[in-house]
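For this one, chain B is given, so just place chain X on it according to the hints.
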Amino acid sequence: MKLPSLRDVATEARLLLIGIPVFLWTMIPIYHMFLFAISPKEDAFSGKLWPDHPTLHNFEIVFKQQHYFLRDFYVQFWNSTLIAAAVGVLTLFIATAAAFSISRLKVPGGRIVLNLALFTYFIPAAFLAVPMYRTMGNYGLLNNHWSLILAMVTIASPYAIWVLKQASDKLPVELDEAAVMDGATTLQIFRLVYLPLMMPSLVAIGTYAVLLAWNEYLYAFLLLSNDREITLPVALGNFLAADDSPWELLMTTGFIYALPPAAVYYAFRRYMVGGLTAGAVKS
Amino acid sequence: MAITLSGDQALPGPPLSSRLTPAQVWGIILLAPYLLVFLAFVVYPVCYGLWLARAPANYVALYNDPIFARAAVNTLIFLVIGINIKMLIALLLSGFFAQQRTWIKWLSVIFILPWAVPSIPTILSVRFMLNPEWGVINHLIFSFTGDDGPNWLNDPTVALSMAIGVHIWKSLPFWTLILITGRLAISHDLFEAAEVDGASWWQKFRYITWPSMQTLYVTCTLLSMIWTLGDFNSVYLLTGGGPADLTHVLSTLGIRYLRLDQLSLAMASIVCAMPFVLPLVYFMMKRLSR
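Chains B and X supply the protein sequences, listed in that same order. Mapping the first sequence onto the working numbering, position 25 (from 1) lands on 25, and the numbers just tick up by one. Mapping the second sequence onto the working numbering, position 66 (from 1) lands on 66, and the numbers just tick up by one.
These are calculated hints, taken from the structure and not from any lab test. All clues stand as given, with none of them false.
Here's a subset of chain X near chain B, in silico, CB distances under 8 Å, partners left out: (1) Q24; (2) G27; (3) Y34; (4) L107; (5) I120; (6) I270; (7) M285; (8) L288.
Footprint (simulated), chain X over chain B, 3 or more residues, beta carbon under 8 Å: (9) 82–96; (10) 251–257.
Please read these numbers as outputs of a predicted model, since none were measured by experiment. Cβ coordinates follow ideal geometry from the N, Cα and C atoms, glycine included.
Just chain X, with the same shape it has in the complex:
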């Protein structure tokens, strides 16, 4: 073994610093802040959380907790039904907003508002609209029919549908915007040629628009599903998980356990979602890092 202390660069095994170019040293220095954040606030919490959720007893307790089963079903409904409805509407609206009209340009500026404003005040605004005694909706129902309106948020099915509605209200503009970009990327010549051939509205969509947009559409749907798993606000601020803890989704359930000081259950409920989340994440990463 050569004595590297002598500083002789010709000998094998030079010190690390001389094997790196100055640019690479700077590269490491500039990457360091993110690595530190990542280690301290992602790696450590995740490992610590997994360690907390290690006892099998947690999973038995979750299995026996009817609220957990209900939350899992609610989450599935939210993702499978809610997101697909949202993306379908976004696809339709992207066609609407791609029309060249001045008033549609202005409408698209207004349409983005739900995305641009914070969700807390708007969700609370919807919550009060649905208030059975003082809300504007039941006031209108009363003035038109003379009957009292339903107690909207007191029925778990209606309450969950409303939470999905609030979620759609909030994130529809974003996905519509993405799909509009996809639509505008399609060559206009194709549509003109189809027009000449006398293609119907449906044929144009079926044979031109859809084939060029389907990859984008599927990517958006999957991405939206992953993110919606973390949508805490729509459920928590509208229904608070009620009535009787029947409208929880996984993200609000974790916080519920945390509030009840059952941290290991909170972590275990998140671990249970991982077999569904990780394949989706893997798939998305494959797609995006091509």
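With the rest of the complex left out, here is chain B:
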């Protein structure tokens, strides 16, 4: 075995000098959350780096809904799931149809619609939140899940359309022509040629929309307020209303809430990195 040269060791040491702080910086807030989740209250509040008596008791309290703040945990979890799923499906439907129409059918005015969508994408979502809140009030949708679903679809679809349009432009036009020669109708081309070829981008966009909706806090807390209608992040925010918030339970619930999106992200990472970064910034 060849011994590493002094120069190699120095390079490795310099890389570690960056790598270790990066690791600590990334993990500390997440580790802190995990630490609270497995600590009894006394240990959590005493600033220990590892609890004297690690326990899963906090998880038991959450799963049995044994606290005032947690009495609707399952309903809220279900609300989050339902809304995220609905946003994913609706965004995919709307954006795929629009991208197919603009990119493959070359619908008149498609370019303008694409630019309008792109414009919406760049307007910060928090700025649209104020008028959106009033609009949902005018439509009579406040405290209704549809208000959050429709708001999130509005926010997710511009980017979705844009990425899907870029991806469909890359499909060879000969495919459509061949299908037309074989007598395929427009809908058959959409269903049998277009959708299968677009699958990787569709997975990426579906994941994007689901994660966006699951993670959303601002719109959720503006549009929903009833304890049995709100999503998990709003419930987490409500913990802060009390002076003696049970932080160990808040962190436990937060940990449970953070697991599904992290799992989804890592499961679809292959698609996400390819599909999203390619579209996110075109140099």
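Then chain X, alone, in the frame of chain B:
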């Protein structure tokens, strides 16, 4: 004028449906769902909001509100200082993560975590770490020095810096990832040639990496600035705008006015940001729709 009712296609001015091919009809039908969403949830709210903010009195009230001025300054600090620090770190880290090492591959998988997990629990986790009495940071300061640590979030400058820190923690992985893609697109031959010529680390960066990445870098910086204008969570969940409403940014200020039932002020504060936002948006659209 020909009688189009007869259905004679040869006459001028045939009905709309016959001028469109079936594919175009389908195009319109398939585009309709998005157009409906756009009209109902973008056009209508924006017009309604602008109508609410029409009275000049709103802008006088904003001008006289010290919290608004403070929020505007905070937003500028957040964008100009915060984002530039973030992008600079992202640029450096993209070089680090582009190194071919197994352990760096694994670290990059972990590094993406802040981006992959929702921001609410992690920001609240940081918030408790900074708690002056029970937070782990002040516990550590006490056990090492015997002194009480500072009341972190009670000082507006420190609190705003912490909010910027939380923002960087959350979005650094995303921008690093984008810059890594940009870096990996540079031909490796260039670096090998530079190596042969004995170029230093800095020369390689200055004459190879930077020229091929500067467009991407500037685009990313501008895009991040636009999006950070809408970063509500980092400030709201960490400081809540406090102490004494001194750490608000424009996005949390709008919601504050909304909570105080001053909707027209909320809209007016957003309208005030438009002269800065719209040129950036226009510039970005030019760049992306090339």
